[in-house]
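From first to last, the protein sequence lines stand for chains A and B.
All residue numbers for the first sequence refer to numbering that gives the first Met the number 0, where the first residue is 0 and numbers rise by one.
All residue numbers for the second sequence refer to numbering that gives the first Met the number 0, where the first residue is 0 and numbers rise by one.
In case anyone wonders, no lab produced these hints; they're calculated from the structure.
Careful, some of the hints might be misleading.
One copy or two, either will do: identical chains are not told apart, so a pair holds if it fits within one copy or between any two.
[To be verified] Once the Cα atoms are required to be at most 30 angstroms apart in a straight line, the calculated DSBU-like pairs of lysine-lysine come out as:
#	residue 1	residue 2
1	Lys390	Lys27
2	Lys124	Lys26
3	Lys56	Lys124
4	Lys128	Lys57
5	Lys230	Lys208
6	Lys129	Lys171
Number of protein chains: 2
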Amino acid sequence: MDRFDFYSPTYFVFGDGRESETGAYVKKFGGSRVLLHFGSGSVIRSGLLERVSESLKKEGIPFFALGGVKPNPRDTLVYEGIELVAKENIDFIVAVGGGSAIDSAKAIALGSCYEGDFWDFWCGKAEPKKALPVATVLTIAAAGSEGSPSTVITKEEGGIKRGLTTDLVRPKFSVMNPALTETLPAYQTACGVTDIMAHVFERYFTNTKNVEMTDRLCEATLLTVINEAPKVIKNPNDYDARANIMWAGTVAHTDICGVGRSQDWNSHGLEHELSGLYDVAHGAGLAVVMPAWMEYVMNHDVMRFAQAANRIWGVSMDFEHPELTAKKGIKAFRTFLKSIGMPQNFSEIGALEADIPALVEKHPVSASGKVGGFMDLTPEDCANIYTLAAKGGTL
Amino acid sequence: MDRFDFYSPTYFVFGDGRESETGAYVKKFGGSRVLLHFGSGSVIRSGLLERVSESLKKEGIPFFALGGVKPNPRDTLVYEGIELVAKENIDFIVAVGGGSAIDSAKAIALGSCYEGDFWDFWCGKAEPKKALPVATVLTIAAAGSEGSPSTVITKEEGGIKRGLTTDLVRPKFSVMNPALTETLPAYQTACGVTDIMAHVFERYFTNTKNVEMTDRLCEATLLTVINEAPKVIKNPNDYDARANIMWAGTVAHTDICGVGRSQDWNSHGLEHELSGLYDVAHGAGLAVVMPAWMEYVMNHDVMRFAQAANRIWGVSMDFEHPELTAKKGIKAFRTFLKSIGMPQNFSEIGALEADIPALVEKHPVSASGKVGGFMDLTPEDCANIYTLAAKGGTL
Numbered sequence: 000m001d002r003f004d005f006y007s008p009t010y011f012v013f014g015d016g017r018e019s020e021t022g023a024y025v026k027k028f029g030g031s032r033v034l035l036h037f038g039s040g041s042v043i044r045s046g047l048l049e050r051v052s053e054s055l056k057k058e059g060i061p062f063f064a065l066g067g068v069k070p071n072p073r074d075t076l077v078y079e080g081i082e083l084v085a086k087e088n089i090d091f092i093v094a095v096g097g098g099s100a101i102d103s104a105k106a107i108a109l110g111s112c113y114e115g116d117f118w119d120f121w122c123g124k125a126e127p128k129k130a131l132p133v134a135t136v137l138t139i140a141a142a143g144s145e146g147s148p149s150t151v152i153t154k155e156e157g158g159i160k161r162g163l164t165t166d167l168v169r170p171k172f173s174v175m176n177p178a179l180t181e182t183l184p185a186y187q188t189a190c191g192v193t194d195i196m197a198h199v200f201e202r203y204f205t206n207t208k209n210v211e212m213t214d215r216l217c218e219a220t221l222l223t224v225i226n227e228a229p230k231v232i233k234n235p236n237d238y239d240a241r242a243n244i245m246w247a248g249t250v251a252h253t254d255i256c257g258v259g260r261s262q263d264w265n266s267h268g269l270e271h272e273l274s275g276l277y278d279v280a281h282g283a284g285l286a287v288v289m290p291a292w293m294e295y296v297m298n299h300d301v302m303r304f305a306q307a308a309n310r311i312w313g314v315s316m317d318f319e320h321p322e323l324t325a326k327k328g329i330k331a332f333r334t335f336l337k338s339i340g341m342p343q344n345f346s347e348i349g350a351l352e353a354d355i356p357a358l359v360e361k362h363p364v365s366a367s368g369k370v371g372g373f374m375d376l377t378p379e380d381c382a383n384i385y386t387l388a389a390k391g392g393t394l
Numbered sequence: 000m001d002r003f004d005f006y007s008p009t010y011f012v013f014g015d016g017r018e019s020e021t022g023a024y025v026k027k028f029g030g031s032r033v034l035l036h037f038g039s040g041s042v043i044r045s046g047l048l049e050r051v052s053e054s055l056k057k058e059g060i061p062f063f064a065l066g067g068v069k070p071n072p073r074d075t076l077v078y079e080g081i082e083l084v085a086k087e088n089i090d091f092i093v094a095v096g097g098g099s100a101i102d103s104a105k106a107i108a109l110g111s112c113y114e115g116d117f118w119d120f121w122c123g124k125a126e127p128k129k130a131l132p133v134a135t136v137l138t139i140a141a142a143g144s145e146g147s148p149s150t151v152i153t154k155e156e157g158g159i160k161r162g163l164t165t166d167l168v169r170p171k172f173s174v175m176n177p178a179l180t181e182t183l184p185a186y187q188t189a190c191g192v193t194d195i196m197a198h199v200f201e202r203y204f205t206n207t208k209n210v211e212m213t214d215r216l217c218e219a220t221l222l223t224v225i226n227e228a229p230k231v232i233k234n235p236n237d238y239d240a241r242a243n244i245m246w247a248g249t250v251a252h253t254d255i256c257g258v259g260r261s262q263d264w265n266s267h268g269l270e271h272e273l274s275g276l277y278d279v280a281h282g283a284g285l286a287v288v289m290p291a292w293m294e295y296v297m298n299h300d301v302m303r304f305a306q307a308a309n310r311i312w313g314v315s316m317d318f319e320h321p322e323l324t325a326k327k328g329i330k331a332f333r334t335f336l337k338s339i340g341m342p343q344n345f346s347e348i349g350a351l352e353a354d355i356p357a358l359v360e361k362h363p364v365s366a367s368g369k370v371g372g373f374m375d376l377t378p379e380d381c382a383n384i385y386t387l388a389a390k391g392g393t394l
C-alpha cells in the first residue's frame, strides 16, 4: 500500500426535506451574503429554489441568484458569477443542482479570490491559494462533486474541457435529499449511475498491490449501484433505492475508494474530448468509452480484471484462463449499461468515427506523447480505444 | 433509509515514517503549545516519542509530556492532564498511542475548557460546549478513536466505565503508520481486530430496511479484516496487511458503516461491565460477549443474520431454513475469533459466572429497566447473554 492523505471534511445533511435547513447550515459555516447558483428552470419549477431561498430568509441572510449553468459548465458563466460576487460583496456560494452547477460554483469561488483570469488555474498557469466557501444542495446523483475537491469547466472558445483538483473547493456542507432525484428522466438517472461506476472503476484498476481495503470499498459501492439502479429505472419513486445511489455517488468520489494506490483516469480523459466536441451527456460518453478502454488494457493485468469480474459481476473464477473471466466481466458491464438504457457505441451518441483523429489531437496525450495510468497510453493507443468504442467493442 | 448527518473532518496522514510530519501538521492546525499524552514506556523504548518530539522541535513548538495512560483509561490521569494544561498554557493535545491514550486526551481536551468536574459530561450532568484541538499518532489498530467523536473513560472509584460522543473531540489530524503496529504481540493485534469487527457488527444489526450502501460498506470492512488478520498473526511484519487492518479500523468507526439506520451497541455496553470489573482487554471481552449476544438476539430478524452469514462468511443461503444459515454465520465468527487466538468463554478471561448478577447490576439496564437496540434488552436478557457468554455459547 502506498502512503496517502485522506481528507473529506464536508458535512453531509442527508434525507427527505432537508433543503429547508440550508440557511441554518450557511449560518453555521459563517456565510452572510450568498450566491445561489443553479442551472435550468427545473429547480425553479420544482419549487426547490423557493424552499432554499425561504430557508435563507428565515436566517436573515441576503442572497443573489445566478442561473443558467449548462451541462459541461462554461467559462463564460463563471466570469459572470465572479463579477456578481464582487458587485454584491458575496461571501458564500450555494450551488443548487448537479455536478455542473457545483463545478461552476467552485470555479466562481476560486476566481473570486484571484486577481487574474480564473482559467489560469485550469490551464496550469497559476496555483489557487484561496477560495470562497462553497456548499451544495444536490439534485442528481452522479458527479460526486458534492464531496470532492474537483471541478471540470469547458472553455467555450475551442470546446476545451479541463479538470482541477484542490481542497480549497471541497464543499463545507452538502444537502442531499434523494427525493429530489425522483423526477429525473430515466436516461439522466442512468447517466448518473454510469458516472458513479466510472469514478469507482477508475480507482479500481491500479498497479499497486495489496490494497484490499480500498478494493473492497470499491466493490461495495459498485455492488450497491448494480443492485439499486434497476429498481429506480423500474420505479422512479423508490426512495430507498434513490438514497442508496445518491450516497454511493458521494462515497465513490471522496477518494475513500482510491486511497493507498495509483489510479487511472484515462476513461474520464478520453470521454472529456467526446463531450467537449459533441455535447453528449458525460455518463453516456463514459458508457461508450469505458468498456472499450477496459477491453484494450485488460491484458496489462488480467488477474485484476478477473478479480473484478468475480467479485463485482459474480463471474466464477477460471484460474487456468483468467482472461476468459476478465472478458466475461467486461461483457457483464456492457450488458448492465445496456439494461439501464445507456448507449453502446459512437452512432448512439451521434459521434463520428471520422472525428477520431480530431479527438486524439485535442487530448492532452498529443501534447505530451503519453498519458499515465494503469497502462500508459500513447496517441495511437487513444485512437485504438476510440475505434473500439466507436463499434461498441468486440466482446 | 433514515435521515442522517455524516461528518468526518479528520485529516489522515497515512504511511510508513509519517510521524516525522507531526510537528508540521500541529502547526497547520494552529497548535503552539502541545501536550504529548501517552501510555506505557513502549512509545519511549521504540523511539516513537523521540521522533514525534523532534518533529515538534523542528517547528519550534514547545511541548510537555504526560505518560502513564493505562488500558481502560482512568479519570485520575485525566485530572492530572487538565491541571498540566492549565499550568503550562497548552493549546493543542497530541495523543501518541492507541485508543486509551486518545480517549484520555479527548477527555483532557474537554475538561480543560470547563470550569466544573469533567466527569459531569460522562454522567450526563452537563453538555460539552468547547474542547482543545486533539490530534493522534496511532500505534494500534483497534478503537477507531483516531477518527471518531467518542471517548470512553473509567472512573477509578467503583470501576464505572462510560462513553461520550461529541464532534468537539474529533481529531484534527491522525498520523497512521502501520509499521508501528508490527511490534505488537499477536494477542493485542487480535484484540484490536475483534474490536474493529465489533464496531462494524454493532452497526450492521439494525431494524432499518433497505440501506444497501451501508450494508455493503460494513461487509467490505469485515471481509478485509477477515482476509488480512490471519496474515499478520502468521507474519507480524506484513506491512500491507497491517496497513489494511489499520485503515479498516478507522473506516469501521467514522460511522460511514452506520449511517442511515438504527444501530445496536449492546455488545459494547455488556463488555464495558466486564472490562470495568476484571480489567480484561476490551477486544477479548468482546470476543466472549458478542457471539453470545448474536446467538441470543438472532431470531429478532433471522434474515439479517442469514445475510451476514452469506455475504461475510460465505455460507450458502438456505432460504427454507434461514436460521440454519444464520447459526452457521455465528459459528464461523466464533471459529475465526478462536483462530486468531481470542478467548471463547468466561473462564478464559478470568471472569466468574457467579459475578453475573453484579455485572447486570452495574449495567445501565438496571437503572432504566431496558436498553434499546436491534432487540431491546431487559436486565433478564442481559443476564441470559452473560450466561451464554460464560459457557461460550451453544453453537
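Check your understanding: Is the C-alpha distance from Lys230 to Lys208 at most 30 angstroms within one copy, between copies, in both cases, or in neither?
Key -> between (35 angstroms within a copy, 15 angstroms between copies)
**Study point:** Intra- versus inter-subunit Cα pairing at 30 angstroms for Lys390 with Lys27
**Key:** neither (52 angstroms within a copy, 52 angstroms between copies)
Point to revise | Intra- versus inter-subunit Cα pairing at 30 angstroms for Lys129 with Lys171 | key: Close inside one copy (14 angstroms) and across copies (20 angstroms); limit 30 angstroms.
Practice item. With 30 angstroms as the alpha-carbon cut-off, assign the pair Lys128 and Lys57 to within, between, both or neither. Key: Result: close only across copies, 25 angstroms inter versus 33 angstroms intra.
Check your understanding: 30 angstroms Cα cut-off: does Lys124 pair with Lys26 within a copy, between copies, both or neither?
Key -> between (35 angstroms within a copy, 29 angstroms between copies)
**Study point:** Intra/inter-copy verdict for Lys56 and Lys124 if alpha-carbon distance must be at most 30 angstroms
**Key:** neither (40 angstroms within a copy, 36 angstroms between copies)
In summary, the structure is inconsistent with hints 1 and 3 from the numbered list given earlier, while agreeing with the others.
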